[in-house]
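Order-wise, the sequence lines are chains A and B. Residues 31 to 269 in the numbering used here are what the first sequence lists, from first letter to last. Residues 31 to 269 in the numbering used here are what the second sequence lists, from first letter to last.
Heads up, some of the hints might be wrong.
Given that identical chains are not distinguished, each listed pair holds provided it fits within a single copy or across any two copies.
[As the list claims (entries may be wrong)] Straight line, CA to CA, 25 Å or less: simulated BS3-like cross-link-like pairs of lysine-lysine:
#  : residue 1 : residue 2
1  : K86       : K244
2  : K146      : K86
3  : K127      : K43
4  : K146      : K181
5  : K33       : K244
6  : K127      : K86
7  : K105      : K221
8  : K230      : K33
9  : K146      : K171
10 : K146      : K43
11 : K181      : K86
If you're looking for bench data, these hints aren't it; they were derived computationally from the structure. All of these numbers come straight from a predicted model, not from anything done at the bench.
Protein chains: 2
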Amino acid sequence: MSKPYLHTVLSPKLLDIYDVQDAVVVIIDVFRATSTIATALYNGATRVIPVDAVDKCIEIGKKTGGITAGERDGKIIPGLAHGNSPAEYPREFIEGKTLVLTTTNGTKLLHMALNKGAAEVITGSFPNLTAVCDYLASCNKHVLLGCSAWKDRFNLEDTLFAGAVINRIQQNFTIHCDSSLMAADMYNLHKDHMYEFIRKTTHWHRLSAFGLEKDLEYCATPDLAPVLPIYRNGDLVCG
Amino acid sequence: MSKPYLHTVLSPKLLDIYDVQDAVVVIIDVFRATSTIATALYNGATRVIPVDAVDKCIEIGKKTGGITAGERDGKIIPGLAHGNSPAEYPREFIEGKTLVLTTTNGTKLLHMALNKGAAEVITGSFPNLTAVCDYLASCNKHVLLGCSAWKDRFNLEDTLFAGAVINRIQQNFTIHCDSSLMAADMYNLHKDHMYEFIRKTTHWHRLSAFGLEKDLEYCATPDLAPVLPIYRNGDLVCG
Numbered sequence: 031m032s033k034p035y036l037h038t039v040l041s042p043k044l045l046d047i048y049d050v051q052d053a054v055v056v057i058i059d060v061f062r063a064t065s066t067i068a069t070a071l072y073n074g075a076t077r078v079i080p081v082d083a084v085d086k087c088i089e090i091g092k093k094t095g096g097i098t099a100g101e102r103d104g105k106i107i108p109g110l111a112h113g114n115s116p117a118e119y120p121r122e123f124i125e126g127k128t129l130v131l132t133t134t135n136g137t138k139l140l141h142m143a144l145n146k147g148a149a150e151v152i153t154g155s156f157p158n159l160t161a162v163c164d165y166l167a168s169c170n171k172h173v174l175l176g177c178s179a180w181k182d183r184f185n186l187e188d189t190l191f192a193g194a195v196i197n198r199i200q201q202n203f204t205i206h207c208d209s210s211l212m213a214a215d216m217y218n219l220h221k222d223h224m225y226e227f228i229r230k231t232t233h234w235h236r237l238s239a240f241g242l243e244k245d246l247e248y249c250a251t252p253d254l255a256p257v258l259p260i261y262r263n264g265d266l267v268c269g
Numbered sequence: 031m032s033k034p035y036l037h038t039v040l041s042p043k044l045l046d047i048y049d050v051q052d053a054v055v056v057i058i059d060v061f062r063a064t065s066t067i068a069t070a071l072y073n074g075a076t077r078v079i080p081v082d083a084v085d086k087c088i089e090i091g092k093k094t095g096g097i098t099a100g101e102r103d104g105k106i107i108p109g110l111a112h113g114n115s116p117a118e119y120p121r122e123f124i125e126g127k128t129l130v131l132t133t134t135n136g137t138k139l140l141h142m143a144l145n146k147g148a149a150e151v152i153t154g155s156f157p158n159l160t161a162v163c164d165y166l167a168s169c170n171k172h173v174l175l176g177c178s179a180w181k182d183r184f185n186l187e188d189t190l191f192a193g194a195v196i197n198r199i200q201q202n203f204t205i206h207c208d209s210s211l212m213a214a215d216m217y218n219l220h221k222d223h224m225y226e227f228i229r230k231t232t233h234w235h236r237l238s239a240f241g242l243e244k245d246l247e248y249c250a251t252p253d254l255a256p257v258l259p260i261y262r263n264g265d266l267v268c269g
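Hey, can you work out the whole structure from these sequences and the hints?
Below, the structure is given as structure tokens:
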């Protein structure tokens with residue numbers, strides 16, 4: 031039997047080239063939405079509700095009694111209570127609560143994938159790398175690794191995560207995809223000096239201006255929040 | 031004075047993220063449109079007229095007495111006289127003639143850049159690598175390296191060419207662009223075994239089925255057709 035295919039989508043603008051209806055779509059937003067989602071769930075949040083607009087975030091926060099959170103361009107959005115840093119969601123704060131999250135790139139791509147009828151949506155980042163790989167390797171479904179990018183521009187950190195996944199599970203898939211070959215090459219080239227390398231990315235320069243270096247290093251560290259966030263009926267919950 | 035910026039655009043679908051009106055746009059379609067354009071001009075074609083539709087190609091061919099050429103999915107288009115292989119355009123055939131060319135990806139991106147008001151359009155591929163680099167390094171203008179991709183999907187060969195250009199001229203530009211960092215990394219990683227590496231690309235697998243291996247190796251070889259194709263009033267001519 032032929033293996034399922036795997037593709038890497040380098041920007042939300044490229045999503046409609048691919049067939050999402052038949053695939054598990056992995057939403058990747060390393061700096062920082064999907065790192066924060068994994069962290070909040072790992073630390074006991076009952077669910078994360080990803081929303082693609084600020085007014086929806088406020089509205090759903092009121093309805094659910096959840097914690098509203100979100101940033102635009104690295105700053106907490108006025109009207110929301112918290113930001114997009116995984117460090118804001120330790121167990122003593124988030125356990126048993128609902129987090130309602132909106133971000134510049136990751137939650138936007140997630141809703142694009144849902145609107146296009148993705149068969150299944152999960153989220154991935156380095157803090158939950160192994161959980162994502164274990165799931166994809168065992169599920170025997172087509173996979174789209176969806177990089178959230180930065181305002182539709184290709185970014186390195188999401189690509190490196192896609193490469194890390196491919197590096198581990200490529201033998202389970204048919205990969206005829208130059209984006210995936212590139213992502214795997216880039217990961218293998220930089221995996222042994224990841225903290226140094228991410229300092230060269232444009233997103234690092236953008237966010238380090240806000241004093242977030244520790245945050246960004248956390249987001250590039252494997253398996254500190256080993257859960258599988260999976261989208262079910264409006265919520266991201268532990269799979 | 032600050033240096034001009036340089037960005038790499040990985041797919042035609044990403045072109046409208048960037049400001050083309052203030053930049054030299056380099057159209058890159060290594061397999062094979064921009065390799066063929068450089069070769070035809072180097073071998074004495076008076077001009078290459080790039081067109082984005084087959085009916086226009088036939089119409090302009092009739093008006094100008096030019097040689098019509100074009101492929102879709104690697105095959106000569108019915109109604110046109112020639113294909114998209116640089117090997118079809120030796121000096122004894124093309125000298126003094128007009129070539130009217132339409133292709134799947136490269137001529138499409140070129141017209142997108144023109145329609146968006148690009149300040150200047152040139153074409154690049156390995157056969158004219160040094161000519162392109164010398165021009166960009168000396169012109170003191172912003173640069174967009176535009177990869178034609180394959181039906182909007184990222185491809186490796188155009189990215190490698192962008193990386194080869196960046197590798198040579200980066201000191202002349204301000205580069206805050208993850209696509210460009212990646213392209214340079216990929217080129218440096220593979221530059222010493224280019225013929226082997228291009229055999230891994232999806233486009234190689236697509237075109238090698240048509241027996242075009244020699245063609246593809248030619249397209250990946252630097253400076254066999256050292257001219258600068260520049261767009262002026264509807265024609266690509268030697269700059």
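A quick look at each hint next to the structure:
1. K86 with K244: Neither, since 30 Å and 57 Å both go past 25 Å.
2. K146 with K86: within (20 Å within a copy, 35 Å between copies)
3. K127 with K43: The answer is neither: 33 Å in one copy and 40 Å across copies each exceed 25 Å.
4. K146 with K181: Both ways: K146 and K181 sit 19 Å apart in one copy and 20 Å across, limit 25 Å.
5. K33 with K244: neither (39 Å within a copy, 31 Å between copies)
6. K127 with K86: Answer is within; shortest intra-copy Cα gap is 18 Å, inter-copy 62 Å.
7. K105 with K221: Intra 29 Å, inter 41 Å, cutoff 25 Å: neither.
8. K230 with K33: Between. Shortest inter-copy distance 19 Å satisfies the 25 Å Cα cut-off; intra-copy 36 Å does not.
9. K146 with K171: within (17 Å within a copy, 40 Å between copies)
10. K146 with K43: both (13 Å within a copy, 18 Å between copies)
11. K181 with K86: Only inside one copy: K181 and K86 sit 20 Å apart there, 36 Å across copies, limit 25 Å.
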